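In order, the protein sequences belong to chains A and B. Under this note's numbering, read the first sequence as residues 1 to 487, first letter to last. Under this note's numbering, read the second sequence as residues 1 to 89, first letter to last.
Hints are computed from structural coordinates only; laboratory data are not their basis. Being a predicted model, the structure only gives us computed values, none of them experimental. Any given hint could turn out to be false.
Said to hold, decoys possible - A few chain B residues that don't get close to chain A, going by computed Cβ distances all over 10 Å:
#: 1; residue: Asp18
#: 2; residue: Asp43
#: 3; residue: Val61
#: 4; residue: Gln78
#: 5; residue: Gly80
Unchecked claim - In silico PhoX-like cross-links for lysine-lysine, where the CA-CA straight-line distance does not exceed 25 Å:
#: 6; chain 1: A; residue 1: Lys48; chain 2: B; residue 2: Lys72
#: 7; chain 1: A; residue 1: Lys94; chain 2: B; residue 2: Lys37
#: 8; chain 1: B; residue 1: Lys44; chain 2: A; residue 2: Lys328
#: 9; chain 1: A; residue 1: Lys140; chain 2: B; residue 2: Lys23
#: 10; chain 1: A; residue 1: Lys376; chain 2: B; residue 2: Lys66
#: 11; chain 1: A; residue 1: Lys379; chain 2: B; residue 2: Lys37
#: 12; chain 1: A; residue 1: Lys113; chain 2: A; residue 2: Lys85
#: 13; chain 1: A; residue 1: Lys236; chain 2: B; residue 2: Lys66
#: 14; chain 1: B; residue 1: Lys66; chain 2: A; residue 2: Lys113
#: 15; chain 1: A; residue 1: Lys328; chain 2: B; residue 2: Lys15
#: 16; chain 1: A; residue 1: Lys379; chain 2: A; residue 2: Lys277
#: 17; chain 1: A; residue 1: Lys265; chain 2: B; residue 2: Lys10
#: 18; chain 1: A; residue 1: Lys110; chain 2: B; residue 2: Lys66
#: 19; chain 1: B; residue 1: Lys37; chain 2: A; residue 2: Lys328
#: 20; chain 1: B; residue 1: Lys20; chain 2: A; residue 2: Lys140
#: 21; chain 1: A; residue 1: Lys420; chain 2: B; residue 2: Lys37
#: 22; chain 1: A; residue 1: Lys376; chain 2: B; residue 2: Lys23
#: 23; chain 1: A; residue 1: Lys48; chain 2: A; residue 2: Lys140
#: 24; chain 1: B; residue 1: Lys10; chain 2: A; residue 2: Lys376
#: 25; chain 1: B; residue 1: Lys44; chain 2: A; residue 2: Lys379
#: 26; chain 1: A; residue 1: Lys483; chain 2: A; residue 2: Lys285
#: 27; chain 1: B; residue 1: Lys23; chain 2: A; residue 2: Lys53
#: 28; chain 1: B; residue 1: Lys72; chain 2: A; residue 2: Lys85
#: 29; chain 1: A; residue 1: Lys410; chain 2: B; residue 2: Lys23
#: 30; chain 1: A; residue 1: Lys113; chain 2: A; residue 2: Lys53
#: 31; chain 1: A; residue 1: Lys328; chain 2: B; residue 2: Lys20
#: 32; chain 1: B; residue 1: Lys72; chain 2: A; residue 2: Lys236
#: 33; chain 1: B; residue 1: Lys6; chain 2: A; residue 2: Lys94
#: 34; chain 1: B; residue 1: Lys44; chain 2: A; residue 2: Lys94
#: 35; chain 1: A; residue 1: Lys94; chain 2: B; residue 2: Lys20
#: 36; chain 1: A; residue 1: Lys139; chain 2: B; residue 2: Lys20
#: 37; chain 1: A; residue 1: Lys85; chain 2: B; residue 2: Lys66
#: 38; chain 1: A; residue 1: Lys328; chain 2: B; residue 2: Lys23
#: 39; chain 1: A; residue 1: Lys328; chain 2: B; residue 2: Lys10
#: 40; chain 1: A; residue 1: Lys139; chain 2: B; residue 2: Lys10
We put the CB at the ideal spot given by N, CA and C, even for glycine.
Here are the chains, one letter per residue:
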Amino acid sequence: MELYRLTASELSEKIKNKECSSVEATQAIFDRIEKTEDKVNAYISLSKESALKKAQEIDEKIASGETLSDLAGIPVGIKDNIVTKDMLTTCASKMLYNFVPPYNATVMDKLEKCGIVVVGKLNMDEFAMGSSTENSYYKKTKNPNDLTRVPGGSSGGSAAAVSAGEAFLTLGSDTGGSIRQPASYCGVIGLKPTYGSVSRYGLVAFASSLDQIGPIGRSVKDVAMLYSEICGRDDKDATTAVREYPNFAKNLNGSVKGMTIGIPKEYFGDGVDAKVKESVMDAVKVLENAGATVKHISLPSTDYALSAYYIISSAEASSNLARFDGVKYGYRAENYESLTDMYERTRSEGFGDEVKRRIMLGTFVLSSGYYDAYYKRAKLLQQQISAEFAQAFSECDLIITPTAPTSAFKLGENIDDPLKMYASDICTVTVNIAGLPAVSVPCGNDDNGMPIGMQMIGPKFSEQKLLDTAFSYEQLMGGSIVKIAEL
Amino acid sequence: MQIDIKHIAKLSRLKIEDEKLNKFETEMQNIIGMVEKLPSLEDKLSGVDVNNTMELREDVVQPSLKRDEILKNAPQTQAGCVVVPKTVE
Chain A
1 MELYRLTASE
11 LSEKIKNKEC
21 SSVEATQAIF
31 DRIEKTEDKV
41 NAYISLSKES
51 ALKKAQEIDE
61 KIASGETLSD
71 LAGIPVGIKD
81 NIVTKDMLTT
91 CASKMLYNFV
101 PPYNATVMDK
111 LEKCGIVVVG
121 KLNMDEFAMG
131 SSTENSYYKK
141 TKNPNDLTRV
151 PGGSSGGSAA
161 AVSAGEAFLT
171 LGSDTGGSIR
181 QPASYCGVIG
191 LKPTYGSVSR
201 YGLVAFASSL
211 DQIGPIGRSV
221 KDVAMLYSEI
231 CGRDDKDATT
241 AVREYPNFAK
251 NLNGSVKGMT
261 IGIPKEYFGD
271 GVDAKVKESV
281 MDAVKVLENA
291 GATVKHISLP
301 STDYALSAYY
311 IISSAEASSN
321 LARFDGVKYG
331 YRAENYESLT
341 DMYERTRSEG
351 FGDEVKRRIM
361 LGTFVLSSGY
371 YDAYYKRAKL
381 LQQQISAEFA
391 QAFSECDLII
401 TPTAPTSAFK
411 LGENIDDPLK
421 MYASDICTVT
431 VNIAGLPAVS
441 VPCGNDDNGM
451 PIGMQMIGPK
461 FSEQKLLDTA
471 FSYEQLMGGS
481 IVKIAEL
Chain B
1 MQIDIKHIAK
11 LSRLKIEDEK
21 LNKFETEMQN
31 IIGMVEKLPS
41 LEDKLSGVDV
51 NNTMELREDV
61 VQPSLKRDEI
71 LKNAPQTQAG
81 CVVVPKTVE
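Could you build all of it, start to finish, from the sequences and the hints given here?
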């Protein structure tokens, strides 16, 4: 079997047992990229030279008998809004076309210590604002399962690379579904961790109270392996929780016996494709047959979640993106008459239209006279949504919903209609609003052969139980639920 | 609702080209139309998650980035400073 087809955990075993080297695995990934990247466009930048050098170092350490992390020598791709020292970090924006960070995000420091090999930086919607990766300033990523369709977004590059065999694992970020929705569209596995479990230091901020970094991979164990290494308290991010985490991958337990699964009716309404509902409920049946109990529940405020999400996230974005002013880094307009004129021209030329829309929406809902009617109401609704989830988790262990109301749509289909684009986040935004963890797992295909994803949602810090349930489903389906796209 | 797009753009430090004003205005009106459907809930906001409280780190002096490392990304520098247009006449 070609090396790029292995899961990260299989590759990790082979590297440890000296059945293959990290250099061979890294070379295999770059060979695959050579062959498929023209079609997929998952990466904004590649770092072949430094990757091979790092792989060589790992191979030498293994040869000398050093004990290394399970991730040592594994080629991994990184979403381009996670800052990487001395490696271009653009957020898929013209605004940061030349930004080479002088420091690493905390997750990158952690992963470098583990000995991962960074393949390159992955495409995304500009500043993570979007649901199709079509808002990138640089290129349009294609869904490897059908090149006329979008990979989802905003972590479209991260999901597409894993699906295409252009990385064993990737990091994405999720503010309203940006890991789970592309994972669902591309037929791979994506985990949005509990808010506060992974440091956001060095994640270019979109909506600070909702953003989380998380893993995307081809097996539940792979995702658990990467998550185990990135989670934990960080003094550089005061919102990270002070607590100990287990090794999620080593603890994986594939039994769902006695577990109660909640099925909220609001996530199976008219806006959700019939085939999507059917596939998700078939998957629930598989877990039920293995000993889980199904309970039908209601989360009544779900209908308002999208409004609350776009108000809160845009309000925070309008403030966070104020830093892009052409003064200290990134793009600066060429011609200007005054300081204010420089700010305005820099921002107008540097940002794309969707980013401008969100900044203006955020500015509007926070502006004098409108704050109470919009932002405050949204924050109250956020509490209400959290309370409804808490109530639900008093009677069930986890909740299963579709990850997205449809499978991947065609490139260009929704790009001129922001509201249609926003609607693809309807099943995922509640999780960010309530700060919960959720994982998207492939659970079938529609009539066009496009993957469908099921979303498992758990209480805060219940990642082990979520991953256990996903692992259980994977085992029940024969051990593998992700297919590498044939390209 | 009527949106004064020029005013919002000004507050956002953005310039919208004249030919795009109408498009942005319509889009913003649609988006605001979508998000304004929110119920009025009883006002009892609490910003704190009592089960998962936050903790601040100790305030200890630590090495930070060097000035020249940071200035490498600045569009225009002079004598260790960032250059911007004149701000005071």
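Next on the checklist: Going through the numbered hints above, which ones does this structure break? Give me the numbers in ascending order.
Outcome noted: Failing hints, ascending: 2, 7, 8, 10, 16, 17, 19, 22, 27, 31, 34, 38, 40.
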